[in-house]
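Working from the sequences, and respecting the hints, build out all of it.
Each chain, written out:
Protein chains: 2
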Amino acid sequence: MASLPPVYSFPPLYTRQPNSLTRRQQISTWIDIISQYCKGKKIWYMSADGTVIDDDRSENGKIDNEDSKEVGKNLFNNEEIQRSVPQVFIDEIWSQMVKEGKCLPIDQSGRKSNNSTTTRYFILWKNLDNWASLILQWFEDSGKLNQVITLYELSESDETLSWEFHGMPENLLYYSLKPLCDRNRATMLKDENGKVIAIKVV
Amino acid sequence: MASLPPVYSFPPLYTRQPNSLTRRQQISTWIDIISQYCKGKKIWYMSADGTVIDDDRSENGKIDNEDSKEVGKNLFNNEEIQRSVPQVFIDEIWSQMVKEGKCLPIDQSGRKSNNSTTTRYFILWKNLDNWASLILQWFEDSGKLNQVITLYELSESDETLSWEFHGMPENLLYYSLKPLCDRNRATMLKDENGKVIAIKVV
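Residue numbers (this note's numbering), protein chains in the order written: chain A, 1 to 202; chain B, 1 to 202.
Hints were generated in silico from the structure; no laboratory data involved.
Small disclaimer: the values here were computed from a predicted structure and weren't measured.
Keep in mind that a hint or two might mislead.
Said to hold, decoys possible - Taking lysine-lysine and the DSS-like style, the derived pairs with C-alpha atoms no more than 27 Å apart in a straight line are:
1. A:39 - B:42
2. B:178 - B:195
3. A:39 - A:126
4. A:42 - B:126
5. A:144 - A:42
6. A:195 - A:42
7. A:39 - B:39
8. A:99 - A:41
9. A:42 - A:73
10. B:42 - A:126
11. A:190 - A:200
12. A:69 - A:41
13. A:126 - B:39
14. A:39 - A:178
15. A:39 - B:41
16. A:41 - B:126
17. B:190 - B:112
18. B:41 - B:126
19. B:39 - A:42
20. B:200 - B:178
21. B:41 - B:73
22. B:41 - B:112
23. B:42 - B:126
24. B:99 - B:126
25. A:73 - A:126
26. B:39 - A:41
27. A:190 - A:178
28. A:39 - B:126
29. B:126 - B:73
30. A:126 - B:41
31. B:112 - B:39
32. A:112 - A:73
Claimed, not checked - Just a sample of chain B residues kept apart from chain A, beta carbon distances all over 12 Å, derived:
33. 72
34. 167
35. 191
Beta carbons: idealized from backbone N, C-alpha and C, even for Gly.
See below:
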């Protein structure tokens, strides 16, 4: 299945529509395109200008499928039809996407940010509650309840290979696990610097 | 999954775009919307004006899920945003869709037609060759090679229930099976009136 639908090449999508009702549909279309694209290519992050960025795993020397992820591609710049979305309109799209819980603004340090410090977005093609439920299901299905599991294991272990959250960056895992803690289904464990590194689901 | 994407409510999609390159993308978007919608709702036919029509099985007293199929809905008329596609542009969309093998023009008698006699279209969310391969796979998987199987069985039998071609109208089955005959993998059997009613796959 192609990750970008035909409408991606429809020029009117790139011009900020003056009518607010029309623009709302235009923004919904963009949000749908972004979500489906990232889901299809398993892209976790985009920079504020719409560039696909690789997650921090590359720092560990793991390059994996950078090509298929099209790292460096700017989704809002369609070279084929030579159209791009103006930054002011891109910001409007992000803002609505945040409001709908379909992306999470992240600052330089990798934490959830307020608008002024946002440098990139986690693309939540599933919302955080759905990620939490899926991860909970893994703990149940694989008999890992009441055990300490590191975020690294959750993301990288062969045991999660066939699960959609496999490969999820650790800070996104943190936000995806938080709903389980809020529901008292899990406790997070920190290292000596206060960084969450593991979780126990009960 | 919703059957109609957000772009379906994007007003510029309803105005025939004057620029031919833009219009080509616009038409691709419409073809994508029609295919996905029909696939999602298992709709086999649309009338030339875009109305969802029920297949001939209703004549046998089988009503099944008319509601979920939204029989009578006109896809090119979006009441929610009060926009509709002009018929001249609808014809342009069908014409391109036929060219791409993504729908089949059908006349009053249920046969493949030329443009002047078309009253409705079979929506081919899979192309005919792909349908042929899928049906061939069913014959192989269920050990039905070298047996005479009626088109009615293929479409309605419990044995095909979990297969995507289950419920396919018999005349569409005929066109979907033809590639197997062309490849000498199958022979069609006719009744006394010359109507194809069964097939033997070897």
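Hints and how they fare:
Restraint check: the Cα-Cα separation between residue 39 of chain A and residue 42 of chain B comes to about 25 Å, which is no more than 27 Å; the hinted pair holds. For the hint linking residue 178 of chain B to residue 195 of chain B, the alpha-carbon distance of about 14 Å falls within 27 Å, and the restraint holds. Between residue 39 of chain A and residue 126 of chain A the CA atoms are separated by roughly 9 Å; this keeps the pair inside 27 Å, and the hint holds. With a C-alpha separation of about 26 Å, the suggested pairing of residue 42 of chain A with residue 126 of chain B holds against the 27 Å cut-off.
A hinted pair counts as satisfied when its Cα atoms are at most 27 Å apart, and residue 144 of chain A with residue 42 of chain A qualifies at roughly 25 Å. This hinted pair checks out: residue 195 of chain A and residue 42 of chain A have alpha carbons roughly 25 Å apart, not beyond 27 Å. This hinted pair checks out: residue 39 of chain A and residue 39 of chain B have alpha carbons roughly 21 Å apart, not beyond 27 Å. Note on residue 99 of chain A and residue 41 of chain A: the hinted pairing holds, with a Cα-Cα distance of about 23 Å set against a maximum of 27 Å.
Taking the CA atoms of residue 42 of chain A and residue 73 of chain A, the gap is near 14 Å; set against the 27 Å cutoff, the hint holds. Simply put, residue 42 of chain B and residue 126 of chain A have alpha-carbon atoms about 26 Å apart, close enough for the 27 Å limit, and the pair holds. A distance of roughly 11 Å separates the Cα atoms of residue 190 of chain A and residue 200 of chain A; the hinted pair therefore holds under the 27 Å criterion. Between residue 69 of chain A and residue 41 of chain A the CA atoms are separated by roughly 6 Å; this keeps the pair inside 27 Å, and the hint holds.
Between residue 126 of chain A and residue 39 of chain B, the direct Cα distance comes to roughly 23 Å. Compliance with the 27 Å bound is thereby established for this hinted pair. Restraint check for residue 39 of chain A and residue 178 of chain A: satisfied, since their Cα atoms lie roughly 21 Å apart, inside the 27 Å limit. For the hint pairing residue 39 of chain A with residue 41 of chain B, the CA-to-CA distance comes to about 23 Å; that is within 27 Å, so the pair holds. Between the alpha carbons of residue 41 of chain A and residue 126 of chain B the distance comes to roughly 23 Å, so the proposed pair stays at or under 27 Å and holds.
Between residue 190 of chain B and residue 112 of chain B the alpha-carbon distance is near 18 Å, which keeps this suggested pair within the 27 Å criterion. Our distance criterion of 27 Å between C-alpha atoms is met by residue 41 of chain B and residue 126 of chain B, whose separation comes to about 14 Å. A threshold of 27 Å between alpha carbons decides the hint, and for residue 39 of chain B with residue 42 of chain A the separation of about 25 Å falls inside it, so the pair holds. Of the supplied pair hints, the one linking residue 200 of chain B and residue 178 of chain B holds, its CA atoms being roughly 12 Å apart against a limit of 27 Å.
Only pairs whose Cα atoms come within 27 Å are accepted, and residue 41 of chain B paired with residue 73 of chain B is accepted, the gap being roughly 12 Å. Note on residue 41 of chain B and residue 112 of chain B: the hinted pairing holds, with a Cα-Cα distance of about 23 Å set against a maximum of 27 Å. Taking the CA atoms of residue 42 of chain B and residue 126 of chain B, the gap is about 12 Å. The hint holds against a cut of 27 Å. With a CA separation close to 14 Å, the supplied pair residue 99 of chain B and residue 126 of chain B stays within the 27 Å bound.
About 22 Å separates the Cα atoms of residue 73 of chain A and residue 126 of chain A, which keeps this hinted pair within 27 Å; it holds. With a C-alpha separation of about 23 Å, the suggested pair residue 39 of chain B and residue 41 of chain A falls inside the 27 Å cut-off, and the hint holds. Taking the CA atoms of residue 190 of chain A and residue 178 of chain A, the gap is near 14 Å; set against the 27 Å cutoff, the hint holds. Restraint check: the Cα-Cα separation between residue 39 of chain A and residue 126 of chain B comes to about 23 Å, which is no more than 27 Å; the hinted pair holds.
A hinted pair counts as satisfied when its Cα atoms are at most 27 Å apart, and residue 126 of chain B with residue 73 of chain B qualifies at roughly 22 Å. With a C-alpha separation of about 23 Å, the suggested pair residue 126 of chain A and residue 41 of chain B falls inside the 27 Å cut-off, and the hint holds. Note on residue 112 of chain B and residue 39 of chain B: the hinted pairing holds, with a Cα-Cα distance of about 21 Å set against a maximum of 27 Å. Taken as a hint, the residue 112 of chain A and residue 73 of chain A pair is honoured in the structure, with Cα atoms around 24 Å apart against an allowance of 27 Å.
Distance check on residue 72 of chain B: its Cβ is at least 24 Å (rounded) from any Cβ of chain A, clearing the 12 Å threshold; non-interface status holds. In this structure residue 167 of chain B is separated from chain A by more than 12 Å, as the shortest Cβ-Cβ distance comes to about 23 Å. No Cβ of chain A approaches the Cβ of residue 191 of chain B within 12 Å, the least distance being about 40 Å, so the stated non-interface status holds.
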